[in-house]
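Trainee: Sequence:
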Amino acid sequence: EMAMRTVLRIASISGATELIPITSAHIDAVTYIGPGGLKFARRLVELGGKVKVKTTLNSQSCDRRRWKELGVDPSLASNANSVGDAYVQLGCDEMSFTCAPYLLPSRPRMGENIIWGESNAVVYSNSVLGARTEKYADYFDICAAIVGLVPNVGVHVTENRAPSIVIDATKLIRDHLLPGMNKDIATLSGNSEDFLYEHRGFDSFFPAMGWTCGNLSDGGVPLILGFDSLPAVSGDNLKAFCAAFGTTGSAPLFHMANITPEAIGDDTIQRLLQSCGERRVEVTKADLCKSYETLDSGKGDGDDVSLVALGNPHLSLEELGRLSKMIDNDNRGKHESVRVIATLGRHVHSNGTELGFTQNLESFGVQFINDTCWCMLLDPPIIPPNRNAKILTNSGKYAHYGPGLTNRRIRFGSMHDCMEAAKTGNVRRGNGNGSFPGWLRLFSTHQF
42 EMAMRTVLRI
52 ASISGATELI
62 PITSAHIDAV
72 TYIGPGGLKF
82 ARRLVELGGK
92 VKVKTTLNSQ
102 SCDRRRWKEL
112 GVDPSLASNA
122 NSVGDAYVQL
132 GCDEMSFTCA
142 PYLLPSRPRM
152 GENIIWGESN
162 AVVYSNSVLG
172 ARTEKYADYF
182 DICAAIVGLV
192 PNVGVHVTEN
202 RAPSIVIDAT
212 KLIRDHLLPG
222 MNKDIATLSG
232 NSEDFLYEHR
242 GFDSFFPAMG
252 WTCGNLSDGG
262 VPLILGFDSL
272 PAVSGDNLKA
282 FCAAFGTTGS
292 APLFHMANIT
302 PEAIGDDTIQ
312 RLLQSCGERR
322 VEVTKADLCK
332 SYETLDSGKG
342 DGDDVSLVAL
352 GNPHLSLEEL
362 GRLSKMIDND
372 NRGKHESVRV
382 IATLGRHVHS
392 NGTELGFTQN
402 LESFGVQFIN
412 DTCWCMLLDP
422 PIIPPNRNAK
432 ILTNSGKYAH
442 YGPGLTNRRI
452 RFGSMHDCME
462 AAKTGNVRRG
472 NGNGSFPGWL
482 RLFSTHQF
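Residues in the sequence shown are numbered consecutively from 42, following our numbering.
Treat the hints loosely; a few may be bogus.
Claimed, not checked - Below, computed lysine-lysine pairings styled on DSSO-like, alpha-carbon distance capped at 27 Å: (1) 464 - 340; (2) 109 - 80; (3) 375 - 212; (4) 93 - 212; (5) 95 - 80; (6) 212 - 366; (7) 91 - 212; (8) 176 - 95; (9) 109 - 93; (10) 176 - 212; (11) 375 - 464; (12) 80 - 91; (13) 375 - 109; (14) 80 - 212; (15) 93 - 80; (16) 212 - 326.
Please keep in mind that the hints were generated in silico from the structure rather than gathered at the bench.
Input sequences plus hints: build the corresponding full structure.
Mentor: Written as structure tokens, this is what we have:
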């Protein structure tokens with residue numbers, strides 16, 4: 042009854058005229074932020090609440106099993122696990138606890154109405170999967186999961202999923218990025234994607250562009266042009282793009298021409314272009330250079346690194362495989378002054394163990410953390426105690442939030458940059474210049 046009253050109240054406030062059924066939920070409110078949140082979850086348990094749909098849980102405040110080994114304060118661990126336990130009692134999946142629920146086998150299909158929390162998951166589910174969810178408030182999410190209904194508003198409604206602004210990266214990619222990439226590819230005998238990732242750091246293009254497009258979207262749902270001319274756009278590329286887009290853009294959705302499922306085909310793209318009217322912005326070299334500089338905010342006073350932070354959002358199985366391959370490229374071990382920590386969900390961790398990826402990475406010196414992620418890991422000993430320490434990440438989201446969350450200097454780079462730093466103790470890119478990546482050097486005349 043309490044959950045239904047909450048859903049009806051939100052529907053009234055939002056102007057909804059009907060409630061619609063959902064097929065799944067992802068609960069963001071599992072983070073411990075104080076006794077009130079814990080009391081709320083326990084009250085739902087006391088009232089006999091049970092979720093009506095498949096419900097997964099976002100990252101909580103600590104690794105549920107290894108908190109003591111990781112040096113987490115016992116009081117925080119107790120409260121954090123109590124919140125998680127309460128949601129499990131409500132019927133949520135006790136093996137989830139991930140900020141990347143789209144990596145689970147239960148991910149929704151195109152057109153399904155869902156209620157998902159966590160900004161990167163909302164953007165990914167809407168944009169890449171074609172499912173439908175608003176950016177909902179914490180605590181409302183679990184109420185809707187119990188009732189199995191949400192208000193029919195926002196991007197649940199087909200008309201509201203139409204874009205209102207064009208973000209055109211066609212010229213940037215065609216004239217300034219592709220010529221250098223194609224020249225590289227033409228000289229290769231091996232896998233071109235591996236070269237672009239490992240020698241040009243091309244994967245960092247996607248979070249940098251996601252952060253840029255979020256800024257340029259001006260609060261609207263954008264139609265993004267130009268990415269379909271790239272040699273490849275993987276699910277991990279889109280994961281990184283979505284997470285960064287969610288930090289600077291307020292819309293829960295974007296369309297990427299001939300990449301995302303609601304923007305496939307010339308006729309569809311023309312219709313989407315018409316819905317934008319005259320609102321159009323072109324992504325420039327200066328935009329992208331400024332974005333990269335902003336994300337790589339911790340540069341200066343040397344290129345030394347104390348911590349390599351991977352997995353924001355949580356690592357995928359493909360990323361685990363790529364990392365494992367990178368450490369096998371040569372005989373160098375992990376540098377003694379650098380910690381390498383990766384967060385990932387239990388499902389991916391288990392699959393990675395079956396394939397030997399996690400064992401290989403652990404033998405190199407990578408530490409794995411489950412159930413939580415970098416936006417909850419705020420203090421030593423996981424975060425370096427030295428306030429002058431530098432943290433290197435390949436996540437646009439963590440590069441955006443990290444300085445404020447940790448009060449440490451955050452460096453931003455590619456996955457290859459991260460593994461090179463793990464081996465050398467320093468950020469080194471291409472010819473040794475630590476300022477910007479190979480793909481940006483292909484066309485940039487900007488002075489960093």
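Trainee: All the hints need checking, so say for each whether the structure fits it.
Mentor: Now for the hints, and whether the structure bears them out:
1. 464 - 340: Holds, at roughly 19 Å.
2. 109 - 80: Answer holds: residue 109 to residue 80 is near 24 Å, not above 27 Å.
3. 375 - 212: Between residue 375 and residue 212 the Cα gap is close to 40 Å, so the pair fails against 27 Å, i.e. violated.
4. 93 - 212: 48 Å, violated
5. 95 - 80: At roughly 23 Å apart (the allowed maximum being 27 Å), residue 80 and residue 95 satisfy the hint.
6. 212 - 366: 34 Å, violated
7. 91 - 212: 52 Å, violated
8. 176 - 95: Holds, because 18 Å separates the two Cα atoms, which is no more than 27 Å.
9. 109 - 93: Outside the cut-off at roughly 34 Å; violated.
10. 176 - 212: It is violated: about 32 Å lies between the C-alpha atoms, which goes past 27 Å.
11. 375 - 464: Holds, at about 5 Å.
12. 80 - 91: 16 Å, holds
13. 375 - 109: Given that 27 Å is the threshold and the Cα spacing comes to 24 Å, the pair holds.
14. 80 - 212: Given pair residue 80, residue 212 is violated - Cα atoms ~54 Å apart, limit 27 Å.
15. 93 - 80: Judged against 27 Å, a Cα distance of about 21 Å means the pair holds.
16. 212 - 326: 10 Å, holds
Taken one by one, the earlier hints fail for this structure at numbers 3, 4, 6, 7, 9, 10 and 14, listed in ascending order.
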